[in-house]
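Student: Starting from the structure of chain A, add chain B where the hints point.
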Amino acid sequence: MKKRDDSLADLGRFSEPALLILISLAEGPKHGYAMTQDIAVVSGQRLGPGTLYGAIARLEGRKWIEPLPADDRRRPYKLTAAGQRVLRQRLESLRAVTRAAQSRLANV
Amino acid sequence: MSKGARRLLALYPRGWRDRYGDEFLALLGDEPLRVNQIISIVSGAIDARFSSDIRASINQQHGALAPQGGSSVTLLKHLCALDRKSAFTIRDGWIGAGVMVGLSVVMAFGGAFLRRQGFDEAGEFLKGLAFPASLVASNHFMFMRRQSRKAQLVITGGTLAILSATAWLAVLI
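Those sequence lines, one after another, are chains A and B.
Numbered per our numbering, the first sequence spans residues 121 to 228.
Numbered per our numbering, the second sequence spans residues 22 to 194.
Mixed in with the good hints, there may be bad ones.
Among the chain B residues that face chain A by a calculated CB cut under 7 Å, a handful are [said to hold, decoys possible]:
no., residue
1, Ala-47
2, Asp-68
3, Asn-160
Keep in mind the hints are simulated off the structure, nothing from the lab.
Note that CB positions come from ideal geometry on N, CA and C, so glycine has one too.
Bound-form chain A, shown alone:
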C-alpha cells in the first residue's frame, strides 16, 4: 500500500478546501454547516457539499480531524494534534511564500 504523504499538498485539488477546514476547526469543533458558514466569512469561498465532505473524508482518513458524538444528525469535528502540526507547517510555508512575494513586489 502506498504510504500517505504527511502534507496537505498530497490532497491534490482538495488541498485548499482541506486547508480551509483545518483553519475553521482551529477555532474549535464545528459541524459541516458551521464550517461552510465560517469558511465563507473567513475566505469568501462557499464550499459545495460534495467538496466539503470529500475533504472531510480525506482529513479524517489521515487523522488530522476527528469526529465527536453527533448532535442530533449533525456531527461536529475537531482538529487533532497531527492536524494542528500539519496546519502550522502549511501556514509557515505560506508565510515564506508571502514574504518572498512581498519582497519582490517592493522592488518593482
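Tutor: Same frame as chain A, but now just chain B:
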C-alpha cells in the same frame, strides 16, 4: 429534507452513506437544491466512488478487512450489488477446489462417454466446457459464497451461460 437530496445521496457508495449520509443530509437541509450544489454533490459522488483515497479512509473507519480492487472493480461490484465482505474461509477454499477438480473430471469423462456413444457434438461441448465451467462453479463456493442471490445469479449464472453459448458455437463451427 428534500427528496432530491435523498436521491442524490444514493449516488454515493454504501460505506460512504453509512458514515456520512445523515450529516450530509442535515447539511443540505430542507431547502430545494441549487444547481451549483447539485453539481458539487454529483462530482463528490464520482470522487467517492473512484478515489482510492476516500475508499481507504472509509475502510479504515469501518475497519474493513476485505481486499479492495481498483476503480473498475469497484464499479463492477456496484453494478452487481457486491457490497458484502467477500472473505472466505480455508474450508470454503477446499470445497471450491474440490468442486473445480471434481466437476472438471466428471464433465471430461462425461464428454468422452458421450462421444463413445456416438454423440460427438455433445461430447465435444462437454469436454470443452469442463475446465472453465468448473472454475466458475467453484467460485460460487468461494468468492461468491456470501453475496446476494441476485449477484450469484448474475455473475455465476451469467458467466456459465456465456461459456456454454461460446462452447456450443465452437463445436458447431
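Student: Look at each hint and say if it fits the structure.
Tutor: A quick look at each hint next to the structure:
1. Ala-47: 4 Å, holds
2. Asp-68: 5 Å, holds
3. Asn-160: At 26 Å from the nearest chain A Cβ, B:Asn-160 fails the 7 Å test, so the hint is violated.
When each numbered hint is compared with the structure, a violation occurs for hint 3 only.
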